[in-house]
Amino acid sequence: MRPKRVRQSWWRRERIAIVLLPVVLVAAVAATSSRVDEYWWQKGFHEQAPRDDRGVVSVDVDFDDGFLKYPIRADISLVSAERVTEVPGAYRAMRLPTGASLWEVRLGWKADPDVSLTGCSIALVDDDGNRYDIDPTSFDPGAVTSVQTCVPDDAPGPQPRPLSAEPPTSPPGAAERPASYETRAYVVVPEDVEPTAVRVWWLLPTYAELPLD
Amino acid sequence: MRVPRPSRTQLGTGALVVAALAVGQVLEEQLPQGSDGGRLFERPVSMGQTIQMRTGDFTPRTVEGATTILRSIGSGIRSPGVVVVLSFDFVSRGESSSLRYGELRDGDGRVTVFGPSGERNDVSCEGGPVGIVVHCTAVVEADPETLPGSTMGLAGDELDPRFDDMAVVDLDISAADVEAWKRAVDLEVDVREVAGMG
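Just so you know, the sequences run in chain order F and G. Going by our numbering, the residue at position 161 of the first sequence is 161; the numbering climbs one at a time, nothing skipped. Going by our numbering, the residue at position 92 of the second sequence is 92; the numbering climbs one at a time, nothing skipped.
Rather than coming from a laboratory, the hints here were simulated on the basis of the structure. Do not take every clue at face value.
[What the hints assert, rightly or not] Part of the chain F face toward chain G, derived, beta carbon under 10 Å:
hint, residue
1, W10
2, A123
3, P190
4, D192
5, V193
[Stated by the list, open to error] The calculated label-pair distances, taken between Cβ atoms and stated as ranges, are:
hint, chain 1, residue 1, chain 2, residue 2, range
6, F, D213, G, A20, 36 to 46 Å
7, F, G44, G, L31, 21 to 31 Å
8, F, E47, G, V26, 37 to 47 Å
The C-beta atom is built at its ideal place from N, Cα and C for all residues, glycine as well.
From just these sequences and the hints, can you work out the full model?
Here it is in structure tokens:
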């Protein structure tokens with residue numbers, strides 16, 4: 001007598017394939033997403049550096065453009081950010097674009113003097129997602145302002161040399177950068193805008209964000 | 001010889017394969033190919049009208065022309081034809097953005113592409129602070145007889161403008177304008193100026 005054939009349902013017969021299907025789909029998408037990193041992740045503000053209870057942000061990233069690599073490590077705190085009508089040391093009245101105000105951003109820095117911190121960017125941001133970058137060409141401060149944004153002009157510390165893969169070095173004769181110091185930066189912002197944070201970054205996606213009180 | 005009769009499952013599988021091939025064929029024929037797939041999103045605009053581009057608000061102000069121009073920055077131009085100068089305003093949105101790609105589409109259907117060369121044909125509207133007006137110009141030489149009916153396109157990236165918005169300005173140039181421009185000389189052009197900083 002032939003054994004009775006038990007007819008299985010389609011779901012039961014294909015259960016292993018059904019379980020594996022989502023895994024295969026995820027793997028297929030992952031295998032075709034190599035450009036997500038290059039064209040999205042590395043182009044935007046995606047990785048916020050940690051901020052402690054005192055509001056100090058610790059940046060610890062590597063500058064790495066595939067040619068030159070060196071560490072960037074610093075503790076950054078917000079000293080003040082406010083509208084100003086004059087820049088220290090002004091020899092004439094400042095001139096601003098129509099409908100604009102000028103904000104002074106003072107940051108406190110603590111960093112090993114051997115660490116290179118040049119080449120950073122500073123901006124103010126608001127709750128609507130607008131970013132107001134430093135742009136010295138968009139206003140006339142009527143005073144001499146800093147060339148560097150994140151280090152003292154007279155003691156910038158180590159700097160990478162253009163077109164060189166050598167580690168950053170200090171300019172000959174330059175004073176050693178202090179272990180802690182303060183910087184001032186000036187940002188043009190429309191008069192009716194209230195910025196909510198200061199943003200500092202070198203190579204994205206990592207950035208520091210310091211909320212305004 | 002007896003032909004085996006397919007089961008319902010086999011027939012269904014076959015139908016699905018044919019349907020998938022048909023869908024693939026339709027997609028292949030209907031979706032844009034090559035460079036056409038990355039074409040710019042054209043935003044037609046008239047003089048004085050403001051349009052919202054992806055990166056900011058764009059307003060064409062005036063169009064002028066002359067056989068010679070004097071620029072506030074860089075060298076002037078003496079042209080055997082005429083130099084067309086479009087003045088426009090741009091207000092960055094979100095983050096500071098620039099307009100560095102231009103193309104003149106003349107009345108004969110020819111397209112002259114130009115960028116921030118700083119030489120003869122030029123558009124270099126570097127972004128100002130977000131929310132602040134920047135006055136800019138686009139300068140391009142042209143055969144005067146082809147100018148009536150021409151438009152000018154302006155977009156962000158001169159090297160790779162694909163996939164982005166492009167303002168297409170109706171230059172509204174008449175034959176009378178062209179005749180006047182053929183006699184005009186030494187048109188003064190402010191290349192770029194943040195509003196209030198002139």
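Hints, verified against the model:
1. The beta carbon of W10 (chain F) is positioned within 10 Å of a beta carbon in chain G (closest approach about 9 Å), and the interface hint is therefore held.
2. The beta carbon of A123 (chain F) is positioned within 10 Å of a beta carbon in chain G (closest approach about 8 Å), and the interface hint is therefore held.
3. The closest approach between the C-beta of P190 (chain F) and any C-beta of chain G is roughly 4 Å, which is under the 10 Å cut-off, so the hint is satisfied.
4. Restraint check, D192 (chain F) versus chain G: the minimum CB separation of about 8 Å is within 10 Å; hint holds.
5. Look at V193 (chain F): its Cβ gets to within about 7 Å of chain G, closer than 10 Å, so that hint holds up.
6. With their beta carbons about 60 Å apart, D213 (chain F) and A20 (chain G) fall outside the hinted range of 36 to 46 Å.
7. Between G44 (chain F) and L31 (chain G) the Cβ separation comes to about 28 Å, which falls inside the hinted range of 21 to 31 Å.
8. A hinted range of 37 to 47 Å holds for the C-beta pair E47 (chain F) and V26 (chain G), which are about 42 Å apart.
Consistency with the previously given hints fails for number 6 only.
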